[in-house]
Every structure is written in structure tokens, then in C-alpha cells.
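Undergrad: The primary structure of each chain is shown beneath.
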Amino acid sequence: MATETRTHALKAKEYKSDIAPVWCPGCGHFAVLSALTKALAYLELPKERVALVSGIGCSSRLPAYLDTYGFHGLHGRALAVATGLKAARPELTVVVAGGDGDGFSIGGNHFLHACRRNMDLTYIVMDNEVYGMTKGQASPTTAPEWSRSKLTPHGPGVRRFRPAAIALAAGASFIARGFAGDPSGLTRLIVQAIEHRGFSFLQVLSPCQTFRPEQTEWKQQVHPFDGEPAANDLEAAARIHADDGMALGLIYVEPLPVWQPLAQPSASLAEIEQELSL
Amino acid sequence: MATETRTHALKAKEYKSDIAPVWCPGCGHFAVLSALTKALAYLELPKERVALVSGIGCSSRLPAYLDTYGFHGLHGRALAVATGLKAARPELTVVVAGGDGDGFSIGGNHFLHACRRNMDLTYIVMDNEVYGMTKGQASPTTAPEWSRSKLTPHGPGVRRFRPAAIALAAGASFIARGFAGDPSGLTRLIVQAIEHRGFSFLQVLSPCQTFRPEQTEWKQQVHPFDGEPAANDLEAAARIHADDGMALGLIYVEPLPVWQPLAQPSASLAEIEQELSL
Amino acid sequence: MNAPDHEPIVSIPELLAHALELETESRERYRDLAQCMALHNNPDVAALFEQMAGYSELHARSVEVRAQGYSLPAIAPWDFKWNCPEGRETPCLDDVHYLMNRRQALELARHNEIRGRDFYAGVAAFSPEPEVSALAREMADEEQEHVDLLAQWIARELAQLEVLLEDLDPPHIPE
Amino acid sequence: MPDDRTAARSALVSVAITGSGGSGAVTAGMILLEAVGQAGWYGLMTRSAGPQIRGGESAAMLRFGPEPVDCLDDRFDLLVGLDWRNAARFSDEIPLDAASLILTDPGAGAVPEALLREGPQIRALPWKAAAEAVSQGRLNMVALGTLGASVGLPLAALEAGLKRTLAAKGPETVDPALHCLRRGFDLGWAPFATTSAPVGGVPERWVLSGNDAAGLGALRGGVRFVAAYPITPATEILEWLAPRLEQLGGSLLQAEDELASVNMIIGASFGGVPALTATSGPGLSLMMEGLGLAVASETPIVVVDVMRGGPSTGIPTKPEQGDLDIAVYGLHGDAPHLVLAPLSVRDCAFTTQWAVGLAEHLQTAAIVLSDQSLGQSRAVTAPAPEPTAHLTRLRQTKPGERYLRYALTEYGVSPMTEPGIAGGMYTADGLEHTERGTPSSAAADHLAQLEKRRMKLDDFDYGDAWAEIRGDGDTCLLTWGSTAGAAFEAAERARAAGRPLRVIALRLLAPLRRRALARALEGSRRVLVVEQNQSGQLFHLLNAHRMLPPTAGRFARPGPLPLRPGEILGRILGLD
Amino acid sequence: MPDDRTAARSALVSVAITGSGGSGAVTAGMILLEAVGQAGWYGLMTRSAGPQIRGGESAAMLRFGPEPVDCLDDRFDLLVGLDWRNAARFSDEIPLDAASLILTDPGAGAVPEALLREGPQIRALPWKAAAEAVSQGRLNMVALGTLGASVGLPLAALEAGLKRTLAAKGPETVDPALHCLRRGFDLGWAPFATTSAPVGGVPERWVLSGNDAAGLGALRGGVRFVAAYPITPATEILEWLAPRLEQLGGSLLQAEDELASVNMIIGASFGGVPALTATSGPGLSLMMEGLGLAVASETPIVVVDVMRGGPSTGIPTKPEQGDLDIAVYGLHGDAPHLVLAPLSVRDCAFTTQWAVGLAEHLQTAAIVLSDQSLGQSRAVTAPAPEPTAHLTRLRQTKPGERYLRYALTEYGVSPMTEPGIAGGMYTADGLEHTERGTPSSAAADHLAQLEKRRMKLDDFDYGDAWAEIRGDGDTCLLTWGSTAGAAFEAAERARAAGRPLRVIALRLLAPLRRRALARALEGSRRVLVVEQNQSGQLFHLLNAHRMLPPTAGRFARPGPLPLRPGEILGRILGLD
Ligand SMILES: Cc1ncc(C[n+]2csc(CCOP(=O)(O)OP(=O)(O)O)c2C)c(N)n1
Ligand SMILES: Cc1ncc(C[n+]2csc(CCOP(=O)(O)OP(=O)(O)O)c2C)c(N)n1
Ligand code: SF4
Ligand code: SF4
Ligand SMILES: [Mg+2]
Ligand SMILES: [Mg+2]
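Protein chains in written order, with this note's numbering: chain G, 63 to 340; chain W, 63 to 340; chain F, 3 to 177; chain H, 3 to 578; chain Z, 3 to 578.
Errors might be hidden in some of the hints.
Stated by the list, open to error - For lysine-lysine, the following DSS-like pairs were computed, each having C-alpha atoms within a straight-line distance of at most 25 angstroms: (1) 73/W x 400/H; (2) 454/H x 400/H; (3) 212/W x 171/Z; (4) 212/W x 197/W; (5) 83/F x 212/G; (6) 78/G x 400/Z; (7) 400/H x 75/W; (8) 73/G x 109/G; (9) 78/W x 130/H; (10) 78/W x 109/W; (11) 171/H x 212/G; (12) 83/F x 281/G; (13) 171/Z x 130/Z; (14) 130/H x 165/H; (15) 75/W x 109/W; (16) 83/F x 73/G; (17) 197/W x 171/Z; (18) 400/Z x 109/G; (19) 165/H x 212/G; (20) 400/Z x 454/Z; (21) 109/G x 78/G; (22) 171/H x 130/H; (23) 109/G x 75/G; (24) 165/Z x 130/Z; (25) 400/H x 109/W; (26) 197/W x 281/W; (27) 109/W x 73/W; (28) 73/G x 400/Z; (29) 212/W x 165/Z.
Simulated from the structure, these hints should not be mistaken for lab results.
Model the full assembly from the supplied sequences, consistent with the hints where possible.
TA: Set out below in C-alpha cells:
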């Protein structure tokens, strides 16, 4: 128990901007925003050294609600923007936020490769098993039989995308699941994710009040993961296999080689030009 | 062992077109072409009912070398073309062929979603751990320390993409590994892959003579998988975990729900227009 | 009342730290809700939440007054020893809807006050330190007053509990 | 603003209904539109909303009457405020003047200043009380009743519209709503507008959005496969199509992204099934490589781009004609293809169907440039017409000895086989190729295939549908797509004011019809190119091909506000 | 063909070396080019090859001499055949005439008919025997020796060139090669060409490809981050940059695809580090959405597009100027940005550096249109010059109270903070936004930001570098990019033939400089727009903006063969 005295230089709410979220009252994304500000305050990160990068979607609106640097980019491309930013500016704390559609549908390829690359980024996916922003279509994490979208009137009919399993297979070094309805657990996971050196993937069950009102039942369905976080991928695979998708906590963490270009100048431009000369 | 007498309507070579491959002598892709024609002949598939779809790369040149229908499309998009074709024309045998760059780098997202969708497609990736066509850059399956590409002079430095593990996590229902140097084993796997109802993923170790000459050693390194193919994903995960990447054979096969739109006309256009009328 | 999952609270500063967190959190949450309701054109409920935020603010001040002379421990957000399953007085963000009426908002607030009361009552019941128990009892009683007050307000409220009609306006898509 | 509307146009009435989320402003508008149709009138309705996903303030803006309606008016006759929270945001979109009337219940609060600037009248109505008197009653239905009465709609039409719109909600909703409607109707003091219901039988009317109409055009054109990724404001095309494709034995596939969707439809089309996707600017950007493949491999596909405010993510819920450039020029290399634009909500059906026919017949990619103002507006119209020529794919079902997929034929179109046809096997390729399809980098093959792909489009006889031409006179408005409605009306007004005016509204934007346009422009001394974007994309496109007289001017104005007839008229009057 | 070359140009010599895979034709060409530089001459070398990945027939085509060389000639003086397998494929690329000479060893087989059509002379040489006489000897080195002697290169220059080129291979390779070279040199009967080595000291010469030069321009411009995905013919830019970026403390990241690479450089640039990517047509297509984001969010980035034959996958190894349209118009919505094109191999450095400076300074996206003929050609040149103005990003390092990222400033450029700067926090956005960056759909914000983004580009003073202008007279060639070399030479020849000619070669293609171009065109009566594509993309672009006189004509011819000066001259002479 961390009972040592810490001087919180900034309060959580000081990490918030003065822009009012457009989210529907009751949307899970509010809790993620709030937990994130608490985590940043807990970690005492100077606001200007933090950058929040997102794609497009309700969840991806998050950066503007924080008083840090932010980039609200294109649908599905947040991880790419963040990768470039981190490669060029390794000293920054770069957090990527988005939705299940943004991250697992259109952004799936960057997700795979960001896991493999294992840069020191934190990726928070607010998973509501739906495309909120575009009025409720099935996302990759939607159950095959969910038939409320007009685009898939018999349900998508396709196996659900399993974020943790994919992240593990792709090579992520930190995998966790939080829940918008468990704010302190979520705050803790965000802190751990940011503290982890390497690519931390945090799936947050974040109900969509408007298009998936039945998700209010998640409160009753979530439960903590059994046992300790896995420390290697075999254990992790077993945990994920036993997972019902509603277990919360840190699933897996392992120190794996982090990719980061090293900036060690060793020549001048003049020397380089000299090579071209005969 | 299939020793019953079959009347082979067409010989393997009759599935070949008269176009000479541009591949380098010694390239593994020749063996894939030859095994594929044998498999088609064995399955007695009418040439006009087979469509080969590919992206861009040395491996993706394959369709033109077959006397079936073919589509040589865009880099990374072969699975999408094949998905549309199969959705619209379910009675065809649709085989997708390409390289590790095409399939796992630029095409990674379609790979994930094709596995999930589990349409009745066969996907053959000729993996040479390099971008052959563009003169030898690291691909996702390249070892982190391989430093022969000028783009990554210290090696890509990133964990290798594990095709079988990703396919499994994404939901493929048939996963196998063949080797260009084992033509009859390869033919058999292709036959099994085509016969499997659902998305069959077949990784073929197919050496690049030109940019990875050291791959001639693969002959010494390959070995059969231990035991029987897994019939569920937990077993499959264990097999893949124990895998050194050089084991050959059928890794996993499970009958999972296949996605295929059903064409059951139930109304006429006139009736549909009627709905618009007041 | 269930026994706490956590270790009991054993000192006055620790209790005060919890109380302060509880009230500031609840103020923040009510503020968020008020802002959100205002943005969603529900001024009645927005005003009510703003009022609740004001009360929490007052409570936080009074805890601060009590805490004078103590040095409060800094506790990580997840290390608070909340003893009821949902935690504390903070309103849940997901129990709201843009069409909610005052009556529903008051029910929500009452629910939160009850949780706060139960927290203090739990500390009073389970803390091994009599001094802590006593202070917690005092605080639980204060919370009980809030609960009762809210019950009175609810009784006076004309609005029904359910939203009257189905929401006929389709959602809109800003991106 | 002078009343320069023609007699016909002044028989149209413009009303807006605003209210915050849940007040039912949009629902009331939908019912009103249905009622307009039930009365045998024509109508148009567009919507606007705040940035919130739910519960935001919203507005339904309608114009209707006995004449076809293809654009909103410059001003509104009536504004119904169900409540006034944040309604000020709509002051640009709902221009009022001294002749306008605001209907509201004083209990709903004060009308925002921004709406009162030009001095509209306010009429107080006891809607709240009337609604409260009905169990489960709702104010919006009462207001709707009053509004309906005031514009001269028969009660029966309103009732029928209400029942049709709310049918799915069951009698618990419908009955009190009807009750309220009638109470409100009784509060209507007298017909506000000069319009009245048609005498004799009520003619057939359709109610549909431009997105619905585009879906219909696709089905009529023979499209039986759609793959797409949701995006505002195109999603409703997909929503409309999904169940209907299935009814016709086709299918819709929700793809993982737009790269997938465009390539999926290429696959289906290669398989012989006409295929289409729908998207908006950001998605179109992602499809450019696929479009190039369709062009080079000569695989017919259609992409409907429902344009929104740009650039980049831009303003997703608002219209702008900003994607003409990318649609015409956005493919790398020389990649001739088709670009079309529907001219009205109803025309989305015609133009999409024609696009499918042309793409199939010419074996190329077609882009249809609809926009938010067409796609998400609903109209009451006469049934949508179909193109006269039935264009289909030239199929080779009995290929001879050595089938040449890319044979150099007289018109550049080479008969196409498809999987399943014996002896017709070929490999489609995006690499430059020989007539047979074998990759080739020879100059002769490249030239021949480039020329074939150009010629088959340039030399085709597109008939009359390339543009809608109305009126004459030596002043000419040249426009395209959704702006056509406002341009036509501006011209009508100019004519009514004694100034003859010609309007050419282009439906076919690539390839441009040089000779036909020259003919249509003959005798015009002044040309004004009208469009809704910043840079004047059509103006530049026509200049690029030297199709404009050197004195031609442009009136290009970006979104998000609609181009209004009066605005265009002002430019015309200023032309001398 | 009449010999209408100027005196200077006729001092240049054109030679080609062909042979099948493994014969060393390309290596011989590389050595020859180095030797040209060692001799203090100028030179240019391009390559061609069959479709095979290895072992295909290939050709090295060179032109060199005492004057700068920016294009190949219409014909070749000398053709060296190391063997003749499949050499017929090069007959279009290596035009020979009666004055041409083929050097070959009769043992290498018969010269293909296609090469003999115009009656070149053949000289038989005993290269095979000479090579066999040297242990580990190779025919290509013998042939190179003969060739070098015949064009008047000093043996020392050839030896130095050989050593430099083969250094990495060690003495086992170098020594026998030198041996062969000398033997071959001794077989050279007399200088073939009129050229001779410069008298006095040898001036500084660089040997580099256009792709190398683009890399250099990037570094000089301050680029320290590159993310890219390999594609022909752009990959060498990345290969050149990867180690050098690292030496300068920057980095190159091989991305998973082009969608990633363009977004990665946006991220790095948002972080304050100038960033670039390089690609070709298919990759550029995939970057359009990202480019739009850079424009809307005002994040500087540079994309170098090394064009190849199009459309679609097209002809990856051959040049074509087919991507002007997509580069200028390929973004959805109104998205003003920069498009530039280098005018020669050497100019790839200048133009890329300028593009980086402009993108940084104007906070927008810049596309540099190089092509295969520049990128993959190697040139011997004088050192590359730099732009005079040093353009950098306008940074706000001490933001005040309320920092407005998208402030409406006088020139449209708003000072930019970056992560790490306290008080400068903002969220960059591709949604339309207020000055602060908050999403907004208000008409006023949209107009203001659209106008800001337009104005900052249109009103900037680009100085003189927007074009290279040479000569005068009332006939004018207008061209862009790689075609400039041939156009300049055509003009020289025309002048030499007594016909004054002006050439305007555009380096800045967007935004176009209306006034400067009008000034440059002043007094010209005939204008011919010259470019290497099918549709005449520059011609249409200039017309779009009414920047051409109505009589202007075009000479647009697609790839894959290079535009040759004689071809252009023919058009000019035919102009009356
Ligand atoms: C290229 C592109 N395609 C489609 C869209 C439309 N679009 C915006 S958000 C979104 C889905 C958002 O879903 P998710 O990421 O799950 O976020 P949520 O809204 O559920 O939080 C889509 C499809 C877009 N903006 N850009
Ligand atoms: C959009 C796009 N980006 C890049 C390329 C260039 N390119 C062609 S093939 C290839 C890689 C091929 O590697 P792989 O798929 O492994 O096939 P191999 O050649 O090794 O068989 C690349 C990067 C392209 N054609 N299109
Ligand atoms: S639509 Fe769903 S995800 Fe979007 S803000 Fe509303 S509740 Fe949240
Ligand atoms: S480069 Fe490699 S992959 Fe390509 S054809 Fe040659 S050996 Fe095969
Ligand atoms: Mg979602
Ligand atoms: Mg490969």
C-alpha cells in the first residue's frame, strides 16, 4: 500500500481542459477521462510533457478534454501518429486513446505492428463493442448475434475480435483490461501502463449508453482476473484462453526489448556531403 | 493415404499457363506453383471454376502462371478482392497467394479480418522473410538482427511477426505450414487447405535465392510437427508456442462457422419501390 | 453490513484523508454531470447537480477544517479503503441519461449519500480505534441527515421516476 | 429582401421546427413531410443539429407546396419553437424577416435575440397546457397540429402522416399523439399560406432521402453486391441497401475499412456481379488506389461519395461540393474514369443508376458525387425516372480459341468473361499489360492500352443526360450536383423579373462533353459558374479543358450553409 | 535526322552498354560514369532491364562530356554489346543511326536485326580472347577499356573509376579487372568523340543519383525523421538516408505501410522535428488522407513521389510524369498545399530542400514530384546549390496567457508550439476548428480557417526559384520536372538553328505563380506545353487557372521512353 507522502504538484482536475465533452450523459468514456487525469496527477507528469493522440470516434474526442498536448488525427491512424511522435521525441509521455472500431477495425494493422515494435507507448482502447460515433454499427468486438445495426440485421455473424489475444500474439509486453465502472481500478491500470517501459495495451470496457444500453449490465458481469499477472507469454495465453472477456486487471506484463531509435550524432552534414564528391 | 483410383481429368501441367515466370532460378516460389497445380489436378477442379487472387510481390506474380482465372491486384489487398469475389460467387474455389510483406505488413489488417470472417478461402503466404520484389528489405517475419537491408542497417530490431499465432488469435479455422523444399508435403497441405470449409491459412517457407541466400539452409532446419493437428484453439496455442518456426505440417483445424451471405431472393424490385410510395 | 474487504481504517488522519477524497471526488463528479446536462439541454437537472456539487464542496471544506493540525497521508487513488462494493459517495457516471428528470437525479444523489453514509458507518463499526470509530459515527450521522433531506425533496418532486415517452429524436452523428 | 419569387414558388411555404434533444422537433418534421405527401404536395426537409450525439438542439427545415421543391428558400415563413435552448445556433440556417412568424408557447422561454433581429412576429400558443391535458401528451404533436392547420394541410393528411411515421411505436405512442395533433390543429387560426390541397385525386408521391434514392438507383442499375465501411453522411445508403439487397438475392458486407471495401467490390465485379460502395471524403481518399486498379484492370465499380465539409475530417454533418477535384483528378497516373453528380434528392436514383450502367458498359470506375444536403435531406417527389438506355456489361460467354481480355477493339471496350466461363480464363492486372493481360513495359503496349482506356470513355455517346438544361437567354448559370436546385430557382426568379436566363447543370463531370456543352452555351454572353466550395473546382475544371468563354465568372462559396436562390440571384443581377 | 545540335552539345558523346544478367553491363557503365567524373567531365547514366528479377538483360545508357548533361540524346554514338541475348528489347531505348558504331566481339553472337535497322557500323573486337588471357579476366572490363579509349578518356581516370567502384570487392576482383581494362584500352584505335579531358586542374565533381540528391536535400532542409515503406523507384532515397540520418542524430523507421508512414511523419513533425517520406504512385494514393490531415491540422510534412509509369501498378521501373493531377488535386475538400518538381538529377537536392523549408515555414504539406528518370539516373555534376532563403518553422516558445494555435494572423501562418513547451498546449485537429483548435461547424470559423490556409500559400513570396527560365524569343516551351533537360536542349538546338526560343521549366506547381508566369510569358506568341504523360496534365492545370494564351498547344507523350530533345525540336519546328 502506497502510503508514503507524495506532493501532488497538480490536481487531477488541473489536467482537464475547459472544453465540455460532447459525450452522451452516462457514456463510459467520461470515466476514462477522469481516471486518466488522476493517473497523470498521481504520476506527477508535467502537462506539457504529455501528448494524447487519438483517431476518430466518440472515444477519440478525448485529447481535447485534457490540458496536455493532443493530436486528434484520422480514423484508425492514431498509433502511427504516436509512433512517429515517440520516435522523434522519446522523452515525452505519449498516450494513445481510441475506440474499438478505430483500433481494431480500420486501425488493426497499426495495432499489430505497434505491439510488435514495442515502443514505450500506452494505448487505451475504450471498447463499447460498437461504432458509437456513426450511430451504432457492429465493431470487431461486437457479438456475432447482435442484430441492432441496420447494416448487419442478422448480426455481424463473425467471431469476435479478441483484443488481448491479438495483442499477445503480436508481441505486446503489457496487456490489461479495465472497466469504466471501476474508476479506481482503472486509474491504477493506467498508472501501471504508463509506468511500464514498452507498449502497454489497456482495453477498457466503456459502455455506450446510447447504442448499447444493455451494457449497463456490465456492472454485474465484470469480475477480477484470478491469480497474478502472467510474466511470460505461455502463462498469458492460458489466462487469456480462460478469460470470459469480463475479467478485469493486469493480464500480462513482461520486460521485452523496447524499440526506440537512438539519437547519437556521429557526423556533420558537411562530412556527409563530402562522400558525394569524387 | 489416398490410394483409390482417381481419374484425373486434367494433368497438373495443364493448369499452368504458357507464361514463363520472371522468378529467379532457385526461387522457392516455383515449388509453390508446381504444388498448387498438382493440388488442383488432384482435386479435379475445372480450371474455369478456380480463381487465384494476389497482391504485389514476386510471390504475387503467381496467378498469371496458372491457366485459371486470376486477379493480380494491389499490394496488400488480395484478401479483400478475394473476399468480395467469394461473397458474390460462393461456388468458386478462391485461392489467395502472396508474400510475407504483402500479407503481414501492408496487408495485416485484411489478414486479421479474413481470419475472423472465416469465409471459405485458401490463403497461401510464400514466406521468405524478405521483400523480394523491392530488392531485399526486412519484412515482418524477418529476424530482428538481420542487417543486410540498407533501410535497417542494424536489423529491424523488432520481434518477428508470428503468422500462425496471429491467425489463431484472429480466428482462422485451418492453420498449416509447408516448405517449398518439400513439394509433396506441400501439395498435400494445399489439397487439405482447399478442402477445408472455412478460411485456411497456409504459410509456406519459400526461400529467396537472391536476397536471402542463407535460406538454402532451411532444408536442414525444417522438421515435421510433433503429434496430431490440434482440433481446438487451446491445443493449437500450445503447439504454436512450442513451435520453432521450422516445423511443417497441419497445425490446427477446427470446423468453425463459415461466413457466407445467402442469396435467397424474397422480393422483387417493384415491391421494394412500392415501399417508397405513400 | 458486510465486513470490509480492506484493512480497517486505523487513524484519524487516514479517515480524514478518505473523507476529503470522498467529498472532492463527489464534487468533481457532480460538476461533470452538471456540465454535461447543461450541454445536453437539460437545465433543470444541470442546476440540481450544480447544487449538489456545492454541498460536496462545503463538506470538503469542513473536512479540511477538521483536518487542521493533522498531516494527512497521500493515498493513491486505488488504495482508498472503501468498504462497499461501489466505493463511495461519488455518483456513477453511467446512471444518467440526457432525458433524466429532477426526480431521477435526486434518486441518484440519494443513492450516493447512502453509500457515503454506509462507508462511514462501516468504518465506525470495524475500526479497532475508538477515536476513529467515534469520528466516523459522527460523519455517518451527518450523511444520514443528507439522505433524509434528499428523501424530503424527492417526496416533494412532481416528476415521475420513468421518462414519460420514448425518445423520438434520433441520435446525431458529429463525425 | 425583395420578393422576387415567381408565382409558383411563392405558393411554396417554408417552415422550421426547433427544439432541444428529446423535444421531438425532428420527429414533428418527419410527420409534417409525410403529411405533405399525403396531401399530394411536394416537399423537402433538411435537418441540423448541435455537436452533441444525443440531446443536442436540433432543427427540421421544410419547404413544401404544390410545385416540386429542390432547394430551401432564402427565408422562412414560419418558425415553430418547441423550446429555445441553444436555438440561437440556428440563426444562420433559419433566416427570418419581418414577414416571418414565430409560433411558440410562452412557457417555453424567451425567443433568442439572434432569431429576432429582422423583426419577425411572434404568436403565443397554449401548447403546453394542451399537451398536459392529454395523458402521455407531448408538446411537439400539439405544435405540429397547429402548424399543419396554419399551412393549410388537411387534418386527415396530418393524421395519416403521423400514423405512418410512428407506426412501429405502437398505439401507446400513436393514440396520445393523435390526440395532441387534433388539439393543436384546433388551435390553428387560419391557413397561413396560399397553398391548398390539390383538387381531384392525389397523385403518386414518394418520400425518400437522397441516400435512399442512391440505394434505389444502385438496385435498379443491377448492383447486387455492396461492401462498405460506415461514414457520415453516407451510412444511410448502406442502411437502406442492406436488407433490400438481401431480398433481391444480393448482399452487403460491412468491411474492416475502405481499403477493403473498394477492393471487395472489385473482386465481386470481377466475378461478374455489379458492385458498389458508398463513402464520404475521408473514405474516398483511402479508395484512390483501388479506383486506379479498377481503371487499369477495367473492372467496373461504382463509388458513391456523399460529400461533406472538408478538408480532412472537416465538418462531417454539413454539405460542401469539395470533392470534385479528387474525384476527377485524384488517381495517380493517367487513369480516365467516370464522375457524375445527382442534381436533386430524387435524381440520386437516376444518376446512380446511370453511373452503374456506364461503369458496367465501359468497364471502368464511376464516382457519384452526392453530398450531405442531398443524401440526408428527405423529399416528397413524384416517382423517380430511369435512364432510357439500358446499359450493361459486354460479356463474352463463348470465348474463342485465344481469348484476349484487353483486346483492342474499335470502341475500346473489350468483351469480358468471368470465372465460371470455360476458355475465358485470364488474369486481370493493374500492371500495364498486353491485350492478353500479360504484364508488359513495352512502349507500344502502354500506348495502346492507355489510348483504349481513354477512347472508350471519350468517344461514347452519353446522350442527353450529361446535363439538365433549362431556359435560354444570353446569360448562363453553369452548375453541378446539389447546387442545381438553387440555381434553377434563381433563374426562374430572374426570368420572372424579366431577365431571361439559361441554366446548365452538369450531371456528367468526367469525361466532360465538349461539343454538347459548346452547343448548350451557344449564344451566351455571360457565364457564371456556381458551386459550393472555396476554390471553384468546376470553374477550374471547365477552364482546364477550355470549355468556358474567357469572360466566364465564378460564384464559389464554401459550406456549411446551403447556397440559396436569392444569393445566386444577387450575383446574377450584379453581373453587368 | 539532321545534326542540329549546338557545338557544345556535339561535344557530348552517347554510349550504351548491353548484356545479359551477369555480363556486367551495368557495372561497366558505373565505372565509366565515375571515370567521366575523374576526368572532370559531366555525365548522366540511366539503366534499363528486362522483367526478370535477376539475370535479366540490361543496358547502361550514358551521355557525357565537358558540358553539363541533363538528358539523353536522340541517338547513340556507340553501342557496346557484351552479348546480344534479348538485346533487341532495347532497340527503342537505344536508337542508332548510320553514324553509330557498334562494338562487339563476334564471338558474342549476331547483333539483333532490330538494332541494325538504320545501318550502324559494326566493329569487331577480340575482347573474349583478351579477357581469357587474364586470369579471372572479364570481358566487360576489356570492353570498358576499349570504350574508354575510344571516347577519349584518360586511362588514369578509368583506372580511378574502376578502383572506386569496385573497392569493396577487394584486390581479387580489382586487380584482374584493371588488367583487362588496360588490355581493352590498348585495343581502342583512336578517340571516337571530339571531346577531350579538361586542361588544367580537375574541378570538383559529385556523382549521385536523383534519389541520393533528394536525400541530401532532405538533410540540408533539416529533416531528421523519415518513416517510409519501400517502393520502386523511391527506395534508394530511403537507403541513402537511413545511415545518414542516424549519423546526424535522426532516424528512419520502416513502416508497415504508407498509411502508417505518412501519419508517422505527421506525429514527428507535431513533435517539432521536420519529417519526410518518399514513395511512388501507389503509395502516394494511400497517403492522400494523411496529406489532407497535415493540411487541415497545419502540420508540416514533405512527401517525395518518385513517379513511375501509371496508372495503378503500371510500369514500376519506367518514368512518366503522370502524378501531377493527384499531387495537385488529389486531396478531398479544399486543401491547399505545395507541389514542387525537381528539374534535373542535381536539382533533386535543391528542390527537396526548398520543399522542406516551404512546408516548415508555411505549415503545410509539400509533395515533391521526382520521377524514375531522375531518381534512378546517376549524374556527374558540380556540387548541388542550396536555396538562398533559409526557411524554418515559426515557433512560439514562450506562449502567452491563452495560446491560439490557429490564430488568424496577417499572413495566415500562426506561430507553433510543440510538446515540451509549457503553456503552449493545444490539440491539433483535422476537424474544422476555431482559432484555438476546438472543433467547430460554424460558417464563420470554417470560412476564416479555409481562407487562412489558402492565403498563407497564395500570398507568400516564393522568389525566383518557382521556375528556371532560359532564352527568349516569341516561341516558348513550358515544361516541368524531369522533362526540363530535354526541353532546354531542344531550345538550344533551335537557337543554334537560328530560331530563338524561350523555355520556362516550372519547379513550383502549386500554388502556381500567376504574375511571375505572366511576366515570363510576356511577348511570347506561341506556347507549347511539354510533358511526359498521356493527358497533358500541366497543360490542363495551367488552363484551369487561365495562365496560358488561348493558342497554347501541348506536346504530351506518355512513357516509358524518355522524351528526347529531337522529338521536342520536331514539334517546335512544326509549330508554324
Ligand atoms: C476513413 C474514415 N472512415 C470512416 C469514418 C467514420 N467513422 C467515424 S468514427 C467511426 C467509428 C467509431 O467507432 P469507435 O472507434 O468504436 O469509437 P466510439 O465512437 O464507439 O467511441 C467511423 C466509422 C471516418 N471518420 N473516417
Ligand atoms: C502501395 C504499395 N507500396 C509498396 C509497393 C512496393 N512493393 C512491391 S512488392 C513489395 C514487397 C513484396 O514482398 P513480399 O510480399 O514478401 O513478396 P516477395 O517479393 O518477397 O515474394 C513492395 C513493398 C507497392 N507495389 N505498392
Ligand atoms: S454514442 Fe455511445 S460512445 Fe458515443 S458518446 Fe454516446 S454513449 Fe458514448
Ligand atoms: S528476388 Fe527472391 S523472391 Fe523474388 S524471384 Fe528472386 S528469389 Fe524469388
Ligand atoms: Mg466503439
Ligand atoms: Mg517476401
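Undergrad: Run every hint past the structure and note whether it holds.
TA: We went through each hint and held it up to the structure:
1. 73/W x 400/H: OK: residue 73/W and residue 400/H at ~24 angstroms, within 25 angstroms.
2. 454/H x 400/H: Holds, because 23 angstroms separates the two Cα atoms, which is no more than 25 angstroms.
3. 212/W x 171/Z: holds, 18 angstroms
4. 212/W x 197/W: holds, 10 angstroms
5. 83/F x 212/G: Violated, at about 46 angstroms.
6. 78/G x 400/Z: holds, 21 angstroms
7. 400/H x 75/W: holds, 24 angstroms
8. 73/G x 109/G: Given pair residue 73/G, residue 109/G holds - Cα atoms ~11 angstroms apart, limit 25 angstroms.
9. 78/W x 130/H: violated, 80 angstroms
10. 78/W x 109/W: Distance ~10 angstroms between residue 78/W and residue 109/W Cα, so the pair holds.
11. 171/H x 212/G: With Cα atoms ~17 angstroms apart, residue 171/H and residue 212/G stay inside 25 angstroms; holds.
12. 83/F x 281/G: Distance ~20 angstroms between residue 83/F and residue 281/G Cα, so the pair holds.
13. 171/Z x 130/Z: Judged against 25 angstroms, a Cα distance of about 23 angstroms means the pair holds.
14. 130/H x 165/H: holds, 22 angstroms
15. 75/W x 109/W: Between residue 75/W and residue 109/W the Cα gap is close to 12 angstroms, so the pair holds against 25 angstroms.
16. 83/F x 73/G: The hint holds at about 20 angstroms.
17. 197/W x 171/Z: Given that 25 angstroms is the threshold and the Cα spacing comes to 20 angstroms, the pair holds.
18. 400/Z x 109/G: holds, 15 angstroms
19. 165/H x 212/G: holds, 22 angstroms
20. 400/Z x 454/Z: Distance of about 23 angstroms is within 25 angstroms: holds.
21. 109/G x 78/G: holds, 10 angstroms
22. 171/H x 130/H: holds, 23 angstroms
23. 109/G x 75/G: Roughly 12 angstroms separates the two Cα atoms, so the pair holds.
24. 165/Z x 130/Z: OK: residue 165/Z and residue 130/Z at ~22 angstroms, within 25 angstroms.
25. 400/H x 109/W: With Cα atoms ~15 angstroms apart, residue 400/H and residue 109/W stay inside 25 angstroms; holds.
26. 197/W x 281/W: Status holds; Cα separation ~23 angstroms.
27. 109/W x 73/W: holds, 11 angstroms
28. 73/G x 400/Z: holds, 24 angstroms
29. 212/W x 165/Z: holds, 23 angstroms
Going through the hint list in order, the structure does not satisfy hints 5, 9.
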